[in-house]
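Let chain A serve as the given structure and place chains B, C and D on it in line with the hints.
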Amino acid sequence: MESLIGLLVAAPLLGALVLLTGGRRLDRAGHWLGTALAATSFVLAVVLFFDLLGRADGDRTLHQHLFSWVPVAGFQADIAFQLDQLSMTFVLLITGVGSLIHLYSVGYMEHDPRRRRFFGYLNLFLAAMLLLVLADNYLLLYAGWEGVGLASYLLIGFWQDRPRAATAAKKAFIVNRVGDIGLSIAIMLMFTTFGTFAFGPVLSSAAETGEGTLTAIGLMLLLAACGKSAQVPLQSWLGDAMEGPTPVSALIHAATMVTAGVYLVVRSGAIFNAAPDAQTVVIVVGAVTLVFGAIVGCAKDDIKKALAGSTMSQIGYMMLAAGLGPIGYAFAIMHLVTHGFFKAGLFLGAGSVMHGMNDEVDMRKYGGLRKYMPVTFITFGLAYLAIIGFPYLSGFFSKDEIIYAGFAKGGTQGWILGSVMLLGAALTAYYMTRIMLLTFFGEKRWQPDAHGHEPHPHESPATMTIPMIVLAIGSVGAGFAFNLNESFAHWLEPVTGLAHGDSPVGHGTVSLAATAVMVIGVGAAYLQYGRRPAPVVAPAGSFVTRAARRDLLQDDFNHAAFVTPGTYLTRGLVYVDHKLVDGVVNGLAAAFGGLSGRLRRVQNGYARSYAVSMFGGAAVLIAVTLLMRAV
Amino acid sequence: MNDLQAPSIEWLALLPSLIVFGVAVIGVLIEAFAPRAARYGTQVVLTTLGFAGAFAAVVALAAGGHATTEAQIAGMGSLAVDGPALFLQGVILLVGLLSVFLFAERRLEPARHGTRVDSFAAQPAAVPGGEAEQEAVKAGHTTTEIFPLLLFAVGGMLIFPAANDLLVLFIALEVLSLPLYLLCALARRKRLLSQEAAVKYFLLGAFASAFLLFGIALLYGYAGTVTYAGIADVISGAPAAIDPGLASTMGNDALLLIGGALVVMGLLFKVGAVPFHMWTPDVYQGAPTPVTGFMAAATKVAAFGALLRLLYVALDGTRWDWEPVLWGVAIASMVAGAVIAITQTDVKRLLAYSSIAHAGFILAGVVAVSEDGVSSVLFYLAAYSFVTLGAFAVVTLVRDAGGEATHLSKWAGLGRRSPLLAGVFALFLLAFAGIPLTSGFAGKFAVFRAAADAGAMGLVITGVAASAVAAFFYVRVIVLMFFSEPKADGPSVVIPSPLTMSVVGLAAAVTLVLGIAPQYFLDLAGQAGVFVLR
Amino acid sequence: MSFPLLTATALAPAIGAVATAAVPAARRTAAKWTALGFSVVTVVFAAAVLLRFDTGPGADRYQLTESLTWIRDFGVTYELGVDGIGVAMIGLTAILIPFLIGAGWNDADPKEGETPQGRRWRPTQGFFALILLVEAMVIMSFAATDIFLFYIFFEAMLIPMYFLIGGFGDRAGSGDEAGQARQRSYAAVKFLLYNLAGGLVMLAAVIGLWVATNDQLGSGTFSLAAIADAKAAGELTFGTGTERWLFLGFFFAFAIKAPLWPLHTWLPNAMGESTAPVAVLITAVVDKVGTFAMLRFCLGLFPEASNWATPAVIVLSLVSIVYGALLALGQRDMKRLIAYASISHFGFIVLGIFAMTSQGHSGATLYMVNHGIATAALMLVAGFLISRRGSRLIADYGGVQKTAPVLAGTFLVGGLATLSLPGLGPFVSEFLVLVGTFSRYKAAGIIATVGIVLAALYVLVLYQRTMTGPVKPGLEKLPDLRMRELAVVAPLIALLIFLGVYPKPVTDIVNPAVEHTLSDVNKTDPQPNVTVTEAEGASHE
Amino acid sequence: MSPDNYLYLAALLFTLGACGVLLRRNAIVVFMCIELMLNAANLALVAFSRMHGNLDGQILAFFVMVVAAAEVVVGLAIIVMLYRSRHSASVDDASLMKL
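Chains as they are written, first to last, in full-length UniProt numbering: chain A, 1 to 631; chain B, 1 to 534; chain C, 1 to 541; chain D, 1 to 99.
Derived by calculation from the structure, the hints in this document are not laboratory data. Some clues are possibly wrong.
With a straight-line cut-off of 20 Å between C-alpha atoms, the simulated EDC-like cross-links for lysine to aspartate or glutamate are [stated by the list, open to error]: (1) C:Lys231 - C:Asp520; (2) B:Lys190 - D:Asp92; (3) A:Lys444 - A:Asp582; (4) C:Lys402 - C:Asp480; (5) C:Lys477 - A:Asp161; (6) A:Lys444 - A:Glu459; (7) B:Lys487 - C:Asp176; (8) A:Lys371 - A:Glu360; (9) C:Lys402 - A:Glu110; (10) C:Lys472 - A:Asp161; (11) C:Lys442 - A:Glu454; (12) A:Lys444 - A:Asp359; (13) B:Lys190 - D:Asp93; (14) A:Lys365 - A:Glu459; (15) B:Lys487 - C:Glu177; (16) A:Lys365 - A:Glu493; (17) A:Lys579 - C:Asp333; (18) C:Lys402 - A:Glu360; (19) C:Lys402 - A:Glu459; (20) C:Lys402 - A:Asp112; (21) D:Lys98 - B:Asp233.
Isolated chain A (complex conformation) (with noise of 0.2 Å):
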């Protein structure tokens, strides 16, 4: 069993380099093998999910080492994948979202003339995202991470004649790129303080070093998963990763890479528990981000972006879970299975409706959609009740686990956690039914475009609804199957632990409040947005709105900060280099120039001008012989 682990990842490699490299031959079946390399990948996956499930419990953890990578003196990296609990929930999904969006983009992407290279990025980046979270040392990690960024770079930017989305692209590189920084800085920690950087020896050993280089460790794996899951403050690229076409949102900036922080958290929880001091900054960034993504997401119209924003959001209540501990580890992975769901789904439904609507993104310009486009709508209604945590509906049993681990925490952090948690919830409620109104309810408002199309919205073809059905079943349905006798938290218990707190609020009470919070969310949403039609042009708003709708100032706050005075910093030093550095060598030169057009005309013509210099010369040699024999 172990050795079909490689093959998880080599189905969709192999696709990615037959279809970058295939040439034109493959236009027209390119994106089916990509898809049927993917479910491939998904197919195996579910093998080695049976073959898990039919071991005993403490015997889930496979291993396969296909050779080593770099081996230096102590420095010793394999090709080596580790298959456990949690990697398996991950494979699972992502394997399973990847092939349902692979098939939607077969229909999403049908008239663009570079499909077969986008499914070719598509195969590269579930091949990287498999490598992340199959990697059984934190290097070969790094590789996925990294390969996870070039994918979501390529997609990014695949219109790249669209400056904006070449732009969105760099950006989101770049951000990813200072998190990476954490990432690799924490494993030169490890390398140094264990001698190795495999999950096995550095997971089993952080409670035996001091608490000082946890936390450092901590931090710098925090970093990363900043980076990689847009937490704040390393948050700004996600906003402009729309740009992408939406499958790629869906399944990239949705469902499974953006996740991979809060993979990397809960695969180091042994390096957290011991570093109480990290966790607590993990609660702070996942509590942060998790009001801030759903201010976001309450201002934007752009429909991408304001599930951008919520996507944030969710990120944060699964990091903030991830942050407490045993006790919210579970939890956080559960949201990040049922979130996988229903924001895909949502994303997918929201690509359905720009299919439809001549790729308009304003919702302002929707309206009354549901007639137009019924499962559209549908599948979109349940993934939306999904996550505002309509009672037993999946988002309603993951994220109420969650608020209740945050009370778990106790005393004042437990209170104000929870408070936070329910502030985000009613938020959450509020933007999705806005988006909800504007989009499909209300009266129509579009217009004609600037070439006077108008658009005609019309259903999707079926390659692109079946995946939506398949996604909005999973929104239904996923939480209420794992939290059949805490079933997924148990599955999960060898790898993360498993810790129940003692809140000073009850469960249901939780359950209630974020119900009730989620009413009054709906109910605002409603008086704003169902009641009246909405303004095709959005009001000026108040000065908090506007802020939201430059995502908080995120970027005029990155650009005071770092991009004018780097822009700076970059032109002086090249009139430095030139005028100083290069000055200093050119003014050598000059001065060797200057200094010789000075003596040479000593050299002046004169025969006795010549000759008073030898006689000047005798007399300074006689001079110097008998002075040094005087001295």
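Showing chains B, C and D alone in chain A's frame:
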């Protein structure tokens, strides 16, 4: 009545210079008696044979051990036949031999009235541009006296490094200088410059000889003898016999030091070291290029030989006095030569300043005062003289309507028109710059190594810095030749006769061989590194 | 004596150079094939070196040794030998040259409508002959185990390089031919004088070394083996002061060649003005001699002084990393951008060398190899692009991926390699350097990581500005990569991927040499704080 | 009589000659000044010869005279040539080559 004590002269040991002088005299006789038409051919063949014969004699002497175990002082103590002398004589003779080819080259100038002519004035005594000159040109006269003059100069140069007493030193200096003064004045083109060069060279040369002579007088006053060995004995405080006169002067170090300084100055003038260098650029520029090539190569060899012998044999005891002075002169020469050359615009002047810098490098080896130092200087001189001769030979080939095109701007793009010639010239420049795999590098390394070994690291570092500066202008010429667009009215490269070709080719070959496989020649120089003292 | 393999490896391109130069002026194509043929023969020899090299335990440090006396008087021997680092570098050199020849196939042909000036002017023959000559000299300097021998080729290679830079420029169509020629010869002169100055300083140190050995051993020697033996036997010890001066003399030359800040300014000029293959030759091959020599000579001969200088060198290399990257960001000319990127990368290499850890040294060596290939890929594609449009300015491009997707794709891969993306060779080496540095100097390791972000920035900004966005006017008909060009780039990319995924063959060769070098400088790797108990069945070799 | 006096005279003559070389413009005069310097050396040689009681100095002095004569031949030839082409024997006029 006492029998006349005939002086014992070791004729065989002195054979090289005797052959040269003998041939020179025959050459003069030919000028006097042979018909004009026959002179050129006869002179060329005769001179060539003379040099070849003399060189063979040198080789025979060296093979006979005269360079090492059989080293001796011949001619009643006046001439040394030892390693350095023979080595340098060999080099001078080879340079002389190649110079004959350059002197004899007759394909560069356009033929006048059916006669092929060389680079020398038809009628040197005639006023430039005057009627007499035009008649001489029309008659196809050539100055075949250059060959005996060359022979006399070489004869003087052979004696110069072998001179073992001050009298011979002085005579040799004059014998080598006087013909050179004349040769300088004999250019066919740009005669005003040529004459000016001769006047300057002559006046300053005579001025320097006067200093040298006065120095000789003072040294004689100090030691009561003019032989090197005698002087060395007095300096070391152990003369053969002390008479009252000697007793009163030998304590007078001022005589010794001033005298020594003046003699050294006279030699430094010939070498072209700062601050006695100022004649070099003007004379190199004005003299006919074959003469410049010969002079630059051979005079430097001879003068350094004389300087080495004087310092190592006669004045060895005052080493601590002259070492610092020569340090200063070496540094000044390296720096001034390299720096001033940067802004030169005439190839010949450029090479002149480069020769000044090289005089500084060689002095670094002289200052080392060791056997290594001597042999490194010998090797350097051998390497340098061929590169110099080759470089000037190339200069003779680049011509436009006004004769040789020596202004650098005219050399632009030469590499495109005649890549081979420009390549060879670049090779010579690189050798001057001391790039590895050329003879210049081996020489420089040898000299600097000797200096460093003697503790003169300061000289080495200055030398290295000066080399870096010097590289600048060598490279500038290469840039000009290869990377600049050729000008429409630029000079053309004349296809010379095999005479010049063989000079250039041989010089290039020597440059490469001494750079890549110098061991044999280092051995030669190494074996020749010991002066015979008495 | 067995077959002199190393000599043969160096001699093959040298003979090739002569043969290429001898091809008649009109038969340019024949000259190209001759050059290519000889470069391939060199690859075969280099492969033989690789195969004959024994990496097993107990193998000699220097193998395939050859020894002849050469200039006895100077104590110079013709001694050749390679350790793993040398093998890697010779391999890199040999592999790259055929690609450079392929990439520069038409670079030196006379321009259209240009009348040949003179029968003997044969630029095409000259171009390829010079490249082969440089290759021969580089191989010699990698193989020399005699310091003087090394020095000779270290210096001599400047000359053909100089002619390559000054004599052959881009086919830029900007019209300002004279201005370009001026710029080019400025660059060539700067290159030569800068390096010559370094070399001359080194010459002083070489002489100093001879004096030191001569004083203590009775006869001066330059043989690494002889010096090592004498040191081991205690017959040769440099005084602290002497050793430091000698070290500085050597290091100065290598730092110029490498190039290390602030001695770097010749590189952007040289790379900017020369044709792409020559630019690659400079940065990927010739400059490597500098870093290679730091490892072999600075550390090997002067261990104490190396340790003494380490803090300063580390600071300089950190400055190089950050400074080079920032300047790369500020460039408007894409070749100069790549040049500054190279300066940043050389900072990493030097950092790895002076970290004095196994990872640092192995990383630095691998880095040399990977950087060579990565820069070759990036620069050659940039060259193909430039040759199409006739401009080096980034601003003149835009939207190339639309008209020439394959070109854009290969350019991106080259760029990704330059920014050290995992899966491509440079990542492995960069990470090893970082880890190696970090394990001894934490702060330095952390500062160096800034280079990772900046690298991403300059590469992606370059890619964005040239390849993405709407197609710039004038580029609508831009042809995509031709077969020849693809044949040059594709193997390089394949090599990058191979080295990224499976660098073990190289590390296996390099590791023993690294151990020797570390023991030269009396250093051992820092040990981890925690001894890990093998747990959870993690399988390791 | 102290031999020093001869020496002082010789030095004086030598300096006079040297000053003449430096100060006079006419090539002939310059050349004559050089002759004066040579003769100063001769004086010193003869004086020392007398003092040391050997003939080396006197022989040397004879040689110097011969050499001086030879120098005159060469020198006058050159100077006359210069004069004929420029109608001036001024040393300063011969300054075409400089820098």
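Results of checking the hints against the structure:
For the hint linking Lys231 (chain C) to Asp520 (chain C), the alpha-carbon distance of about 11 Å falls within 20 Å, and the restraint holds. Using a Cα cut-off of 20 Å, the hinted pair Lys190 (chain B) and Asp92 (chain D) holds, with the two alpha carbons roughly 19 Å apart. For the suggested pair Lys444 (chain A) and Asp582 (chain A), the alpha carbons sit about 65 Å apart, so the restraint of at most 20 Å is broken. For the suggested pair Lys402 (chain C) and Asp480 (chain C), the alpha carbons sit about 10 Å apart, so the restraint of at most 20 Å is met.
A hinted pair counts as satisfied when its Cα atoms are at most 20 Å apart, and Lys477 (chain C) with Asp161 (chain A) qualifies at roughly 16 Å. A hinted pair counts as satisfied when its Cα atoms are at most 20 Å apart, and Lys444 (chain A) with Glu459 (chain A) qualifies at roughly 16 Å. In summary, the hint linking Lys487 (chain B) to Asp176 (chain C) is supported, as the alpha carbons are separated by about 17 Å, within the 20 Å threshold. With a C-alpha separation of about 18 Å, the suggested pair Lys371 (chain A) and Glu360 (chain A) falls inside the 20 Å cut-off, and the hint holds.
A distance of roughly 19 Å separates the Cα atoms of Lys402 (chain C) and Glu110 (chain A); the hinted pair therefore holds under the 20 Å criterion. This hinted pair checks out: Lys472 (chain C) and Asp161 (chain A) have alpha carbons roughly 11 Å apart, not beyond 20 Å. As the CA atoms of Lys442 (chain C) and Glu454 (chain A) are separated by approximately 61 Å, the hinted pair breaks the 20 Å bound. Taking the CA atoms of Lys444 (chain A) and Asp359 (chain A), the gap is about 16 Å. The hint holds against a cut of 20 Å.
A distance of roughly 16 Å separates the Cα atoms of Lys190 (chain B) and Asp93 (chain D); the hinted pair therefore holds under the 20 Å criterion. Restraint check: the Cα-Cα separation between Lys365 (chain A) and Glu459 (chain A) comes to about 17 Å, which is no more than 20 Å; the hinted pair holds. With a C-alpha separation of about 15 Å, the suggested pairing of Lys487 (chain B) with Glu177 (chain C) holds against the 20 Å cut-off. For the proposed pair Lys365 (chain A) and Glu493 (chain A), the alpha carbon gap of about 47 Å is over 20 Å, so the pair is violated.
With a C-alpha separation of about 18 Å, the suggested pairing of Lys579 (chain A) with Asp333 (chain C) holds against the 20 Å cut-off. The hinted pair formed by Lys402 (chain C) and Glu360 (chain A) fails the criterion: a straight-line CA distance of about 24 Å is larger than 20 Å. Our distance criterion of 20 Å between C-alpha atoms is broken by Lys402 (chain C) and Glu459 (chain A), whose separation comes to about 31 Å. Restraint check: the Cα-Cα separation between Lys402 (chain C) and Asp112 (chain A) comes to about 13 Å, which is no more than 20 Å; the hinted pair holds.
Using a Cα cut-off of 20 Å, the hinted pair Lys98 (chain D) and Asp233 (chain B) is violated, with the two alpha carbons roughly 45 Å apart.
In summary, the numbered hints that this structure violates are 3, 11, 16, 18, 19, 21.
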